[in-house]
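Student: Each chain, letter by letter, is given below.
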Amino acid sequence: MSRMIAVAAAGICRRYGRRWALTDVSFEVPEGALVMVTGRNGSGKSTLLRVLATAIRADRGTVRILDLDVRADRDSVRRKVALLGHRTHLYEPLTALENLAVRARFLGADPARGALLPRLEQVGLADRADDLVQAFSAGMRQRLALASVLQQQARVVLLDEPYGHLDPPGFLLVDGLLQRLRRKGATVLMATHLVTRGRNLCDRGLVLEAGRLTYAGATAQMPEPAGADGAGFAEGA
Amino acid sequence: MKDLLAALRKDLLLQWRGRAQVIAIFAFGAAALLLFSFAIGPDSAALREHAAGFLWLGLLLASTLALAESFEREMEEQALEGLLLLPASTRGLYYGKAIANWAHLALLGIALVPVMVVLYDAATLRLVSLLGVILLGTAGLSAPGTLYAAMTSQTRARQTLLPLLLFPLVVPVLLAAVKATSLLILGDPMGQLRPWTTLLAAFAVIHWSIGGLLFGRVVED
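Protein chains in written order, with numbering that gives the first Met the number 0: chain R, 0 to 236; chain H, 0 to 220.
Please keep in mind that the hints were generated in silico from the structure rather than gathered at the bench. Model, not experiment: these values are computed from the prediction. Ideal Cβ positions, reconstructed from N, Cα and C, are used throughout, including at glycine. A couple of the hints might just be wrong.
[Claimed, not checked] Which residues of chain H face chain R? A few of them, derived with a C-beta cut under 10 angstroms, are:
1. Ala5
2. Ala6
3. Asp42
4. Gly81
5. Leu82
6. Leu84
7. Arg90
8. Pro113
9. Val117
10. Asp120
11. Arg125
12. Arg155
13. Asp187
14. Arg193
15. Pro194
16. Val217
[Said to hold, decoys possible] In silico negatives: residues of chain H with every beta carbon more than 10 angstroms from chain R:
17. Leu4
18. Leu13
19. Gly17
20. Phe25
21. Phe35
22. Leu83
23. Leu174
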């Protein structure tokens with residue numbers, strides 16, 4: 000039995016001013032797939048994820064998430080999609096716990112300390128629950144942002160450089176979270192430069208070059224991003 | 000309503016965490032009142048006559064700082080975008096922030112009244128009416144101020160753009176608030192206070208309604 004299509008993009012284009020960040024990008028992702036999106040800096044990875052998350056609109060083309068049109072059914076799509084972006088979506092003057100509580104109230108979830116502490120334990124921040132985010136390192140902010148993404152329990156999870164700023168244990172944490180999302184049946188699209196790691200974890204890959212999709216298929220046959228030559232795409236832990 | 004309460008709670012907490020900034024904004028308003036009093040000179044009758052105008056000018060100038068500050072925290076790590084993607088209702092987010100800003104500006108206005116009394120010798124015994132005028136006037140400032148602060152927070156020249164856009168829009172509110180406050184300080188033999196406060200209330204209703212309708216267009220791509 001074929002799986003439902005979780006993400007279907009057809010001819011999407013997006014420009015910033017006069018420069019096209021995405022040009023005629025089309026692909027499909029089946030539900031439950033773990034997809035790596037790679038390409039050089041400025042190739043359009045973040046823009047693609049932001050279009051899928053409905054943070055920005057495509058200038059042309061259509062995107063359907065779990066059979067919902069991102070333009071016509073934007074709020075319904077947002078209930079099913081979570082985005083970890085370059086910016087963490089956190090309030091710096093609030094504590095880690097207060098940040099999760101703010102989001103819990105909007106999500107209609109329990110904002111009590113007891114309900115939120117396990118989320119922080121998941122990302123190794125339970126002992127810093129009452130510290131202000133403005134005192135956090137970049138890696139700790141990334142961990143908290145991951146916790147807030149998981150809080151949504153979304154069916155489609157979009158991760159833009161989830162390994163960014165993390166230490167080696169943090170890399171293993173993200174690996175574990177990806178496996179957990181896979182077991183839960185979530186569809187994950189992850190933009191990363193860590194090609195070898197992505198190949199090991201993901202079953203599909205998308206390669207972008209200057210805003211154009213140059214490869215969409217199994218990670219086993221996926222080419223190196225142009226200009227990578229291995230060295231620039233180091234793997235960390 | 001759930002989103003409005005969640006947004007209000009979040010914004011009040013953010014204001015509490017930034018209370019040092021609130022004190023600095025009050026000091027700015029008080030300094031403005033002090034400088035305006037120098038411009039009038041020692042003529043106590045003239046000081047009393049202009050007290051209401053300078054109170055509201057000081058409050059207006061200080062309000063641009065408070066309104067801009069309220070979106071500073073939303074933009075640092077694009078936290079507002081994070082809430083929009085949950086998805087949170089744009090009206091709930093707007094009214095939550097506008098109410099929090101209203102509370103901030105009303106407290107600022109109330110705190111500036113004793114400064115005005117001391118510097119301008121402009122006391123009034125009708126304190127409840129004065130409180131009502133301050134509440135209505137600051138409601139008329141906070142609703143469009145929150146909308147324009149959201150609009151300008153995404154631009155580089157936000158410090159310049161916010162007063163440039165906001166001041167012309169709130170001139171009617173300012174005129175009505177100054178007139179009503181002036182009647183409370185100097186006396187109201189013709190019973191003109193009610194029409195001016197009714198006008199203030201009407202402006203507040205219009206601004207709060209339009210703000211809720213337009214906020215989504217301002218903050219969404």
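Student: All the hints need checking, so say for each whether the structure fits it.
Tutor: Now for the hints, and whether the structure bears them out:
no.	hint	result
1	Ala5	4 angstroms, holds
2	Ala6	8 angstroms, holds
3	Asp42	45 angstroms, violated
4	Gly81	3 angstroms, holds
5	Leu82	6 angstroms, holds
6	Leu84	6 angstroms, holds
7	Arg90	13 angstroms, violated
8	Pro113	29 angstroms, violated
9	Val117	33 angstroms, violated
10	Asp120	40 angstroms, violated
11	Arg125	39 angstroms, violated
12	Arg155	15 angstroms, violated
13	Asp187	44 angstroms, violated
14	Arg193	40 angstroms, violated
15	Pro194	42 angstroms, violated
16	Val217	15 angstroms, violated
17	Leu4	8 angstroms, violated
18	Leu13	6 angstroms, violated
19	Gly17	6 angstroms, violated
20	Phe25	19 angstroms, holds
21	Phe35	33 angstroms, holds
22	Leu83	8 angstroms, violated
23	Leu174	36 angstroms, holds
Of the numbered hints stated above, those contradicted by the structure are hints 3, 7, 8, 9, 10, 11, 12, 13, 14, 15, 16, 17, 18, 19, 22, listed in ascending order.
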